[in-house]
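Participant: Line order of the protein sequences matches chains V and Z.
Start counting the first sequence at 3; every next residue gets the next number (the working numbering).
Start counting the second sequence at 3; every next residue gets the next number (the working numbering).
Note that these hints are calculated values from the structure, not bench results.
Mixed in with the good hints, there may be bad ones.
If several chains are the same, the list does not tell them apart, and a pair holds so long as it fits within one copy or across any two.
With a Cα cut of at most 27 Å, we get these calculated DSS-like pairs of lysine-lysine [said to hold, decoys possible]:
no. : residue 1 : residue 2
1   : LYS331    : LYS254
2   : LYS37     : LYS238
3   : LYS344    : LYS239
4   : LYS421    : LYS84
5   : LYS344    : LYS238
6   : LYS239    : LYS6
7   : LYS285    : LYS61
8   : LYS417    : LYS228
9   : LYS84     : LYS291
10  : LYS239    : LYS414
Protein chains: 2
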Amino acid sequence: MAKKNAFYAQSGGVTAVINASACGVIEAARANRNKIGKIYAGKNGIIGALREELIDTSKETPRTIAALKHTPSGAFGSCRHKLKSFDDNPAEYERLIEVFKAHNIGYFFYNGGGDSADTCLKVSQLSEKMGYPIQAIHIPKTVDNDLPLTDNCPGFGSVAKYVAVSTKEASLDIASMCASSTKVFILEVMGRHAGWIAAAGGLAADQAGDPPHIILFPEIAFNREKFLKKVAQTVKKNGYCVIVASEGAQYKNGTLIADSGNTDAFGHKQLGGVAPTLAGMIKSELGLKYHWALADYLQRSARHIASSTDVEQAYAVGKTAVELALAGKNAVMVSIERGKGKRYSWRLGEAPLDKIANVEKMMPRSFISRDGFAITETARDYLAPLIQGEDYPPYKNGVPVYARTKNLLVEKKLKDTFKV
Amino acid sequence: MAKKNAFYAQSGGVTAVINASACGVIEAARANRNKIGKIYAGKNGIIGALREELIDTSKETPRTIAALKHTPSGAFGSCRHKLKSFDDNPAEYERLIEVFKAHNIGYFFYNGGGDSADTCLKVSQLSEKMGYPIQAIHIPKTVDNDLPLTDNCPGFGSVAKYVAVSTKEASLDIASMCASSTKVFILEVMGRHAGWIAAAGGLAADQAGDPPHIILFPEIAFNREKFLKKVAQTVKKNGYCVIVASEGAQYKNGTLIADSGNTDAFGHKQLGGVAPTLAGMIKSELGLKYHWALADYLQRSARHIASSTDVEQAYAVGKTAVELALAGKNAVMVSIERGKGKRYSWRLGEAPLDKIANVEKMMPRSFISRDGFAITETARDYLAPLIQGEDYPPYKNGVPVYARTKNLLVEKKLKDTFKV
């Protein structure tokens, strides 16, 4: 078999460790030079393939590639471009195969979440249909932790650690101020549909009664009265109340709290996310002084406080993707399997892409306390190992030293340009 | 001279390292048992003294006290209670002296910002007037870095490091997403009057042209047109734009951007901080997709990413306060003096409290670029040493292990209660 090149692309919202997966792919491919040719990375993800903008990773030094392991975000660029169904836009898929053909690409490594698992599957199916063989391997990545058939998703452990540590620290802050000042602190975190990230806030507690006192999950219908009652009771008991709220927290009818149209003192509708809406509610109904934080990108790019478990897994799924490809696999995702023992252990497996694409894994009800405001011990047992270990990046002048890739493009071979 | 006890209190907004100062005070006092009796800490700051709620720190183990060095926020509680002027409320000052007398307190260590420097001075003056000798020593603390007569303030270096690191990480995130998604990222940071914290965002840049592209300081009048033009130009040139905005950023007439009454699509006034207001402006005028983060308490409690320079200085000012007291000093603040050499060095000095109380140190104009959107090399030379070094706390189960003090109160000796 002639030596084929590989294509690697990052997809969707980036994470603190997606570059560790890139590092795993590139280092494993370089270690198999006799079997795999060059590794091209899509400039800005799959868009780079469509536009024939392929980054030649062989131009990057081994040192730069190694540094990807401690560099957050997508070094080659990512994108939110979701390929339509084949029937709706066959041209996009055909273009991908054309580009792959032109550059002798035989391996397609797609590093993303549910949407990209779907794309990866379609590329594999189409390659068969068009008679140009491509092995498509999906490398899981999502802070949302919502992919099925894997115990967890690389990227989640680090955002979970960030949220747990930040909740713990901010809780100490409000605890020391509450006697004469702020009584309620709200941290808004990511998670449009699944409450995994908010749940991680619960890991801030070492003992029963420790903050956070309330967690709001998208999975549990928001009840305004019950919530306000719990806030008031908590402040009465502890002097303060710490809330971790998922951006996707919603009412029973599906209205997001963020969109629920709280009105201010002037009767104007108050815009903003979950945190300011809850804060407005608490101020107007309970008259309590509040502070709130919106972590936004900080939470998913916080490589400085990454979980070493997460970093190791992210690297390993990248490396293993290459090994699966070399073993002839196709249309599979590298999965993480948890060992049965009491002590946490994990190993990698594989899962068929047709069982993954477009399935979202929600928090099981057994992970959420009966009152809907906390995580259970079962959830804690699941979550805690994923934030274990610190993996600090190197520092210079007080800030982390992150990789700077050259991102040099391969010369184009196709005459046509393609509008994305 | 009979052995006197000491009183220590934390004041105002807490920081990642104020407990390191507490550690310095208590360890230094314990090392001088022959000269200083017990160290009482005010429960919730000066309120604890007024209410005669004194925490007996001798009940804490050496290990717990040592752990304060890596524990954020105020372990004994802080407060926002500002004593009125002596003429407006002499009862408060008289009560303080009464409580100090009842508990044989001869040393008053007050750990805070400008307001507490003022209180500290007044206590000293009153003690003279009332004939009960108290040595009042001020220990500087403020994330705002706005105290005069000291090169910098403990607490600032760590929030500066947090802001620099977070800005760098979030910048990598948006850089990798901007081709098809978010174009503008705004990080809102603390600093009501002085732009020191926002300035620290500039340390995220390693090279000219690196993000952040725009910093908004309270010291520079906000010009909406100039700002929007700069955003548009930056996005055109780099594909994205990163903004660090001080919460105190304001228009020429003193109106805070946060209060400037942006209106939403429905004509309603949009509430919120600087970041959402700027985001709304960018969306409506330039049509660019944005993300924004509000760090709030996270930035000042982020002990996990504290500057080791800051931790060392915070500890040292506490320790030195005790040494100054033992040397007979009164009505002084421990100050940090920067060495003249090219290589950063510092030593501690003292500054008279009457020159400190109620003076705010703003960013010099020479620290801000001509266009008002960046820091100069002079600012960088000043700021960079303050974020040097990492001082990681110990971890257990993936989260930092922070001190838990017992906070046991001393038996009251006064019959009267005092309403605060």
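Participant: Confirm or reject each hint.
Facilitator: A quick look at each hint next to the structure:
1. LYS331 with LYS254: For LYS331 and LYS254, neither the intra-copy (43 Å) nor the inter-copy (64 Å) Cα distance is at most 27 Å.
2. LYS37 with LYS238: neither (67 Å within a copy, 42 Å between copies)
3. LYS344 with LYS239: Classified as neither: same-chain Cα gap 35 Å, cross-chain 54 Å, threshold 27 Å.
4. LYS421 with LYS84: Answer is within: at 14 Å inside a copy they meet the 27 Å cutoff, but 63 Å across does not.
5. LYS344 with LYS238: This pair counts as neither: shortest intra-copy Cα distance 38 Å, inter-copy 54 Å.
6. LYS239 with LYS6: neither (66 Å within a copy, 37 Å between copies)
7. LYS285 with LYS61: Neither way: LYS285 and LYS61 sit 57 Å apart in one copy and 38 Å across, limit 27 Å.
8. LYS417 with LYS228: neither (63 Å within a copy, 43 Å between copies)
9. LYS84 with LYS291: This pair counts as between: shortest inter-copy Cα distance 18 Å, intra-copy 43 Å.
10. LYS239 with LYS414: between (67 Å within a copy, 24 Å between copies)
When held up to the earlier numbered hints, the structure conflicts with 1, 2, 3, 5, 6, 7, 8 and fits the remainder.
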